[in-house]
Amino acid sequence: MITAVGTPAGGTYSFSSSNASRASLSGTGDRGTITAVAQGRAVVKVIYNVSGCPPCEATVNTKICTCTQGRKYSYMNVSKASLVGASCKIKTRYGTLCCEIEGCSTADAFHAVYTNISNNDSGLKWAQVGYSRRRNAGSASIIQYRKAELQGDRYFIDMNTANAPAEGSVHEWKCELDKANGKWSYYDNGTAWITYTDNFWKSHLGQVVQWVGEILNKEDDMPGTSGEKCSFTECQCKVDGAGYVDAGFSAADAKSDDGSEWGCERVSGTAFNIWDKNPNT
Amino acid sequence: MAGYHPLASEAEAIEQASHLTELDTLTQTIAARQLIIRDDRTPFLWRQFEGKPCWEVNFDGVSLRLRSAISGFRDKYVRRFSVLLDGTTGQLIRIVSPFEGQDPDFRPQPSGAAAEAQLRGQDEIYEGLPPHPPRLTFLAALDVELTQGIGSPFLAKEIYASYVTHSRAGASPRAVWVITLNGLPPMPVDGPFGDTVPAWQRNHMRNVVDDATGRNLFGTNSPQP
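The listed protein sequences correspond, in order, to chains A and B. Under the numbering used here, the residue at position 235 of the first sequence is numbered 242, and the numbers go up by one with no gaps. Under the numbering used here, the residue at position 170 of the second sequence is numbered 374, and the numbers go up by one with no gaps.
Among the clues, some could well be false.
Below 20 Å or equal to it, Euclidean Cα-Cα: the simulated EDC-like pairs (lysine to aspartate or glutamate) are [unchecked claim]: (1) A:Lys236 / A:Asp260; (2) A:Lys186 / B:Asp244; (3) B:Lys256 / B:Glu216; (4) A:Lys225 / B:Asp307; (5) A:Lys79 / B:Asp327; (6) B:Lys280 / B:Asp290; (7) A:Lys79 / A:Asp265; (8) A:Lys190 / B:Asp327; (9) B:Lys361 / B:Glu304; (10) B:Lys361 / B:Asp327.
These stretches of chain B come out as covered by chain A in the derived footprint (C-beta under 8 Å, 3 or more residues) [said to hold, decoys possible]: (11) 347 to 355; (12) 397 to 406; (13) 422 to 428.
In case anyone wonders, no lab produced these hints; they're calculated from the structure. Every residue, glycine too, gets a C-beta built ideally from N, C-alpha and C.
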């Protein structure tokens with residue numbers, strides 16, 4: 008709500024927004040109500056008309072922060088029995104998070120890109136490795152890191168801020184299960200940088216492998232843009248007792264929660280791209 | 205910063221705790237007492253701490269103020285920080301700010317032995333206490349956590365900290381601050397079923413800060429309660 012004061016009194020006020028797709032405005036008397044539509048910036052203007060004077064105006068610069076929580080995905084999905092490993096080379100692309108450019112939010116936000124193996128025998132369990140960009144609730148700081156996760160009987164996550172991949176760099180992200188010990192090893196360019204052991208994974212193997220781009224808020228950028236896509240290449244998986252084989256993507260394996268917002272395109276049987284079609288600017 | 209030295213009196217204990225933490229800049233309600241350590245939960249080091257005489261320096265009525273916080277930001281919690289110092293050497297043993305309220309998703313820290321077993325499985329070791337005091341004060345390390353780490357200290361209901369010699373994945377040991385924030389808002393977990401992870405498994409975060417470089421090395425929710 009904004010209140011305008013015109014002198015001399017007795018005139019009329021009219022309110023407007025420079026960008027109604029960001030902020031809409033309605034006025035009653037000397038009061039204007041700003042309604043956030045989408046994150047961005049808008050200039051709010053009030054014009055005052057009073058008898059005997061030319062119109063005069065005042066403006067206010069506004070920032071509109073909207074972080075609409077609800078996970079969205081662009082990904083490739085391959086089902087195979089007895090999975091024990093998956094890998095892929097991923098070009099690192101960081102976008103911006105909701106309200107990051109405007110600098111006016113301390114809400115949770117992230118995007119993440121990773122290789123993931125899951126099992127759904129008794130609720131979804133997974134192992135995943137990749138990278139992420141995040142803002143923690145209550146903080147305006149943005150952090151980047153490589154990450155490893157395990158969901159089994161217990162949930163573990165490691166966010167390795169000291170070894171975040173650089174923008175544009177290509178890293179091979181691989182996770183592999185030692186089923187005898189329920190031990191997952193997480194690799195970054197061939198080096199196992201962390202392991203997690205969990206009893207669930209002593210008696211279960213993977214059923215689905217996914218290579219994923221994920222955002223927490225609708226306004227977080229999906230990694231990649233039309234000019235610089237987040238590319239996944241040499242994607243492979245491994246079933247128990249065998250070596251790594253090509254993922255064998257078909258066009259039908261490519262998924263996006265909303266193709267008008269987030270792209271996912273098959274390039275070959277082992278490669279695909281994801282990107283944000285409307286990145287924050 | 206003054207080096208470690210034996211602590212002969214309450215005044216010396218308070219001075220040492222203040223040097224190491226800067227908590228004296230946030231409160232004037234400070235008191236020290238001697239006690240024997242019981243039920244320590246520091247992985248790898250709990251055995252050597254058990255039964256050790258120490259000084260406990262309590263800083264009461266603390267609302268955190270951190271250098272990198274948003275201007276005018278106010279800590280919603282009023283906290284007590286207890287700083288344990290080895291009376292013989294003056295070394296920092298641990299810092300604890302306990303939570304006294306009710307929270308159904310709140311779990312106490314695992315025992316030292318249980319925590320140690322989990323960290324060993326991740327190839328992480330606390331090798332001992334560094335012989336020299338930290339370069340970063342506790343508040344400076346918390347500020348690193350605020351800007352580079354996972355989770356905001358302001359949102360933590362409970363805070364634990366240790367200054368230890370640490371190594372992971374075969375790396376050379378180095379002096380680090382290990383700071384655990386407990387009772388955070390449950391962190392969103394990646395994946396469509398991320399919200400099915402129980403809140404008590406994702407409402408705590410342990411950050412490791414390199415004392416020499418002032419860099420946050422990693423954040424993890426291990427050990428689990």
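So, going through the hints one by one against the coordinates:
1. A:Lys236 / A:Asp260: 18 Å, holds
2. A:Lys186 / B:Asp244: Measuring from Cα to Cα gives roughly 34 Å; hence the hint is violated.
3. B:Lys256 / B:Glu216: 18 Å, holds
4. A:Lys225 / B:Asp307: 30 Å, violated
5. A:Lys79 / B:Asp327: 34 Å, violated
6. B:Lys280 / B:Asp290: This hinted pair is violated, its Cα atoms lying about 31 Å apart.
7. A:Lys79 / A:Asp265: Given that 20 Å is the threshold and the Cα spacing comes to 8 Å, the pair holds.
8. A:Lys190 / B:Asp327: Given that 20 Å is the threshold and the Cα spacing comes to 12 Å, the pair holds.
9. B:Lys361 / B:Glu304: Given that 20 Å is the threshold and the Cα spacing comes to 9 Å, the pair holds.
10. B:Lys361 / B:Asp327: Outside the cut-off at roughly 29 Å; violated.
11. 347 to 355: With 6 residues close enough to chain A, the hint holds.
12. 397 to 406: Since three or more residues must qualify, the claim that chain A covers the segment 397 to 406 of chain B holds, with 7 doing so at under 8 Å.
13. 422 to 428: This one holds; 6 residues, not fewer than the three required, reach chain A with a Cβ under 8 Å.
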